[in-house]
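J.: Residues per chain, in single letters:
2 protein chains.
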Amino acid sequence: MSTIISVFDTTLRDGTQGEGISLSAEDKIKIALKLDTLGVHYIEGGNPGSNSKDIEFFQRVKQLKLQAKITAFGSTRRKGAIAESDANLNRIIESGVQAATLVGKAWDFHVHTALQTTLEENLAMIYDSFRYLSSKGMETIYDAEHFFDGYKNNSEYAIAALKKAEEAGAAWVVLCDTNGGTLPGEIHEIVSRVREQISTPIGIHTHNDCELAVANTLAAVQAGARQIQGTINGYGERCGNANLCSILPNLQLKLGYSCVTDDQLKLLTGTARYVSEIANVNMPVNQPYVGNAAFAHKGGIHVSAILKDSKTYEHIQPELVGNKQRVLVSELAGQSNLLFKAQELNLNLNMENTETRAMIDRIKELEHQGYQFEGADASLELMLREASGDLEEIFTLESFKLLVEKTKDRSVVSEAIVKVKVHGETVYTAAEGNGPVNALDNALRKALYQFYPQIDDMHLSDYKVRVINEKDATAAKVRVLIESTDFSNSWNTVGVSENVIEASWQALVDSIRYALIGKTRSPQSAEAPRERLGLVNH
Amino acid sequence: MSTIISVFDTTLRDGTQGEGISLSAEDKIKIALKLDTLGVHYIEGGNPGSNSKDIEFFQRVKQLKLQAKITAFGSTRRKGAIAESDANLNRIIESGVQAATLVGKAWDFHVHTALQTTLEENLAMIYDSFRYLSSKGMETIYDAEHFFDGYKNNSEYAIAALKKAEEAGAAWVVLCDTNGGTLPGEIHEIVSRVREQISTPIGIHTHNDCELAVANTLAAVQAGARQIQGTINGYGERCGNANLCSILPNLQLKLGYSCVTDDQLKLLTGTARYVSEIANVNMPVNQPYVGNAAFAHKGGIHVSAILKDSKTYEHIQPELVGNKQRVLVSELAGQSNLLFKAQELNLNLNMENTETRAMIDRIKELEHQGYQFEGADASLELMLREASGDLEEIFTLESFKLLVEKTKDRSVVSEAIVKVKVHGETVYTAAEGNGPVNALDNALRKALYQFYPQIDDMHLSDYKVRVINEKDATAAKVRVLIESTDFSNSWNTVGVSENVIEASWQALVDSIRYALIGKTRSPQSAEAPRERLGLVNH
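Going line by line, the protein sequences match chains A and B.
The opening residue of the first sequence carries number 1 in the numbering used here; numbering runs sequentially from there.
The opening residue of the second sequence carries number 1 in the numbering used here; numbering runs sequentially from there.
Hints listed in this document are in silico derivations from the structure and should not be mistaken for laboratory results.
You may find that some hints are simply not true.
Because identical chains share one entry, a pair is satisfied inside a single copy or across any pair of copies.
[Claimed, not checked] Here are the simulated DSSO-like pairs of lysine-lysine, each with C-alpha atoms no more than 27 Å apart in a straight line:
1. Lys266 to Lys65
2. Lys311 to Lys79
3. Lys421 to Lys408
4. Lys79 to Lys152
5. Lys34 to Lys324
6. Lys419 to Lys446
7. Lys34 to Lys65
8. Lys446 to Lys408
9. Lys419 to Lys401
10. Lys65 to Lys308
11. Lys311 to Lys266
12. Lys62 to Lys421
13. Lys419 to Lys408
14. Lys421 to Lys30
15. Lys401 to Lys446
16. Lys79 to Lys308
17. Lys477 to Lys446
18. Lys477 to Lys401
19. Lys477 to Lys308
20. Lys30 to Lys266
21. Lys324 to Lys408
22. Lys34 to Lys477
23. Lys477 to Lys266
24. Lys401 to Lys254
Just so you know, these numbers come straight off a predicted model, no measurement behind them.
Produce the entire structure from the sequences given, and follow the hints as far as they go.
T.: In structure tokens form, the structure reads like this:
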């Protein structure tokens, strides 16, 4: 029976401290659902005392009845104040979470310099805050800020801070390397020493400023820490937090600890890519375990050895973390993956068929341009159905015109004129919108409504644009990702073009085609493929 | 006197195995010059046996008379052949380098599976190859491929391989974790054991597949390794090689080893960014030590502490590695961030002043609407200058019209007509583009060129769009982030509107205003604010 490590995810709180990362309440809900499926034990949702977005998240997440414990974050009470009347502590209680994490100083230098109070008052701030929240029946977690710097500077005081939280009922004391400057050897030694003096279970929270956050987390666990705090893709302030996408497989596949189930570990790559899409941050291709190049082989010698036995140049089987081998000099990998997807959809692709081959090549081309299965399952399904001849034509485009006008001090006006053929009939419509894509969407819906009134059930719920090759941005290829939802489902489509309108049109058309194909199938079979493709958000 | 560690850079050889990395001979020469200034001891230029590009590099680099030793890479002789008649070994000799690195198998499994020969023959291949090159007076380095996997599988054979190279005159035996699957504890233990059996100096070569390449290199050095092999920015196959940009400061600033001089270490950030430019790979903003966000502070509490003493949230002084502190303004931040920013720009914001307070409220309101100034330093600077009355007007918009047309089977056509007033003169221009924003950009440049010919120096280098409130995507507020660059700088601007074109226009206009305001100032003062804002790429 292997030791269980408690996984504490703070992507939604500490992760949002990363430069360029900003998540709406809706984004946070989506990510929380993925994290729960991945099997993390704690999801830190945010700081209810700091902004209203987080309060909305805590209200909405309650209804989801997740397996993971939702935790709220805050600081110990203000100096010279009373815990019971501390606004931020009361916000945490009002948020109705099962667990709360409070950060408190453990470094005497910080107490003097940043907090500008006495060592005694800081200990009282820790004690009062934990006693108050614990008295409300909450599970409380103490993030001992700058613990390692503090221990090196004044070990007695750092330990005293932990003991105060312990006395006041904290369920975990988490040792934080807040500035990310500590080395694995120091971490191992200090965690070992702390264990001799503290009986409360110990957690570890590291930052990547020395590119050692993962190593430091492993060192702490090997020294007896039993909770790991980190974020998906290592998002976080400055150089980021400890990257759970590397820590989980290292602990589970290499060191024999148990964090999530083996099946959940297979969701790691999908989760990492999904979160990077939601955060709209490009994932480095060379990211360990989950990156697109993590198991990609370029060198000719390597490739020939791989074909003999992939163990020759792969430290684990990519499938264990839901990733796959890529051989950059051959397309073998891509094709077998598509065949696998087709099987999932009960489509039989005949590779002898030229249309099929042409479609496969087009899919590979899109993939080559930056298209991602994780990002646009519905578009992939449509292309595969087309490839296998199993796709009805909803409509064909004759032409569209867009007019966008702005005059000084007046806001932009966007109008679209669309000419499409539906069931052999030519339909001509015009509409305006809040933007060109919205105008196109409105005009196209107008044209299709008389044939497919169900189109009213769906709407576009997210729209993202990203430049793929960044040579010359507004003249470069862009990728548009559109998420659509109806009452029960949500699905994602993609468009790629040098023209953002063309790319948006492709994604828009795919989104509508996918929805209406669904409608013409029987309800069950309409749900099925989406379920299998993991398109159902909730 | 601190222990000297020999730094072996393989950016030009193993680094080019990274996905999307391809260097011309000219690129390699440029990078070699930078590496020499940084003070690395060995520069591995490539594999003269594998391609002519590398042969050209070795011919040209000779004339540069660098301090660093130039080394060529190759494999041990072919099985069943004679070293003296091995084409690749002879290419290395012809390349005229002072030192050569030969990779040879140390894992019995690989000898059988990949090489498909006997254990004895592999040992002979090692011995013959090193004897031959050493006999030519070359310094020879043995890269023991898969050493750690080999040692764990058959330690006797792995050691025998090292001994063969040693007998044949190898100056270094480098233990390679080729698949990147080994953990720091194992590395430390195995290197220590090897030291007891091998008297030749030991080197370490790690890969980042477990996100542990840096930790593994440190562990090996602490166990007695005296040469570190790695690449700038950790470029390399799959997840990359050990990142010298993190290893050098860790060894030198944290562990007291001596790799380069303190002055050379200050060149680290510049070198890292220069190499990423030449390789045309975007550097992650959160890259440790050298990234643009490595010392960037976002949280309000952090910022107020930083203003009291940077040691509170920085593990080293950024200047020691040639980087600098940055403060990001965001909804998570307090007023102190804005004050800090204003100080950087030498604008005195008086909080008693009502205009100033109004401006701060406006920035907060804009952030509430979805503006994200942390990703748009230039837009923020423009606002702060406007607030303090220190902003000249470049032009005013009269009107623009955009026409986007698509007809069946023809790609989209985008045309823009722009009417602006510049220095009291009305200018009317039209242009087409790959997309509506590109067309607007082209038309606006046309209008401004006669007044500001310097506008040709700048171009948009990145373009991102995302929906902020996801109620109904194509009718929701969108945020456009634009990155622009000229020959030496890059800056970011933002626009927010329900209309993607309006938002793009705002960001586009800010980007051009920022660039041209710079031009009308004296060169020094034009650079200064960007430098202070951390917008300089290299």
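J.: Each hint should be assessed against the structure and marked as holding or not.
T.: How the hints compare with the structure:
no.: 1; hint: Lys266 to Lys65; verdict: within (23 Å within a copy, 52 Å between copies)
no.: 2; hint: Lys311 to Lys79; verdict: between (58 Å within a copy, 22 Å between copies)
no.: 3; hint: Lys421 to Lys408; verdict: between (38 Å within a copy, 11 Å between copies)
no.: 4; hint: Lys79 to Lys152; verdict: within (25 Å within a copy, 55 Å between copies)
no.: 5; hint: Lys34 to Lys324; verdict: within (20 Å within a copy, 36 Å between copies)
no.: 6; hint: Lys419 to Lys446; verdict: within (11 Å within a copy, 34 Å between copies)
no.: 7; hint: Lys34 to Lys65; verdict: within (13 Å within a copy, 56 Å between copies)
no.: 8; hint: Lys446 to Lys408; verdict: between (31 Å within a copy, 19 Å between copies)
no.: 9; hint: Lys419 to Lys401; verdict: both (9 Å within a copy, 22 Å between copies)
no.: 10; hint: Lys65 to Lys308; verdict: neither (48 Å within a copy, 44 Å between copies)
no.: 11; hint: Lys311 to Lys266; verdict: within (19 Å within a copy, 41 Å between copies)
no.: 12; hint: Lys62 to Lys421; verdict: neither (47 Å within a copy, 55 Å between copies)
no.: 13; hint: Lys419 to Lys408; verdict: between (31 Å within a copy, 10 Å between copies)
no.: 14; hint: Lys421 to Lys30; verdict: neither (37 Å within a copy, 46 Å between copies)
no.: 15; hint: Lys401 to Lys446; verdict: both (15 Å within a copy, 25 Å between copies)
no.: 16; hint: Lys79 to Lys308; verdict: between (66 Å within a copy, 18 Å between copies)
no.: 17; hint: Lys477 to Lys446; verdict: between (30 Å within a copy, 23 Å between copies)
no.: 18; hint: Lys477 to Lys401; verdict: both (21 Å within a copy, 23 Å between copies)
no.: 19; hint: Lys477 to Lys308; verdict: neither (38 Å within a copy, 46 Å between copies)
no.: 20; hint: Lys30 to Lys266; verdict: within (19 Å within a copy, 43 Å between copies)
no.: 21; hint: Lys324 to Lys408; verdict: neither (53 Å within a copy, 38 Å between copies)
no.: 22; hint: Lys34 to Lys477; verdict: between (30 Å within a copy, 25 Å between copies)
no.: 23; hint: Lys477 to Lys266; verdict: neither (32 Å within a copy, 36 Å between copies)
no.: 24; hint: Lys401 to Lys254; verdict: neither (58 Å within a copy, 60 Å between copies)
Checked against the numbered hints above, the structure violates hints 10, 12, 14, 19, 21, 23 and 24; every other hint is satisfied.
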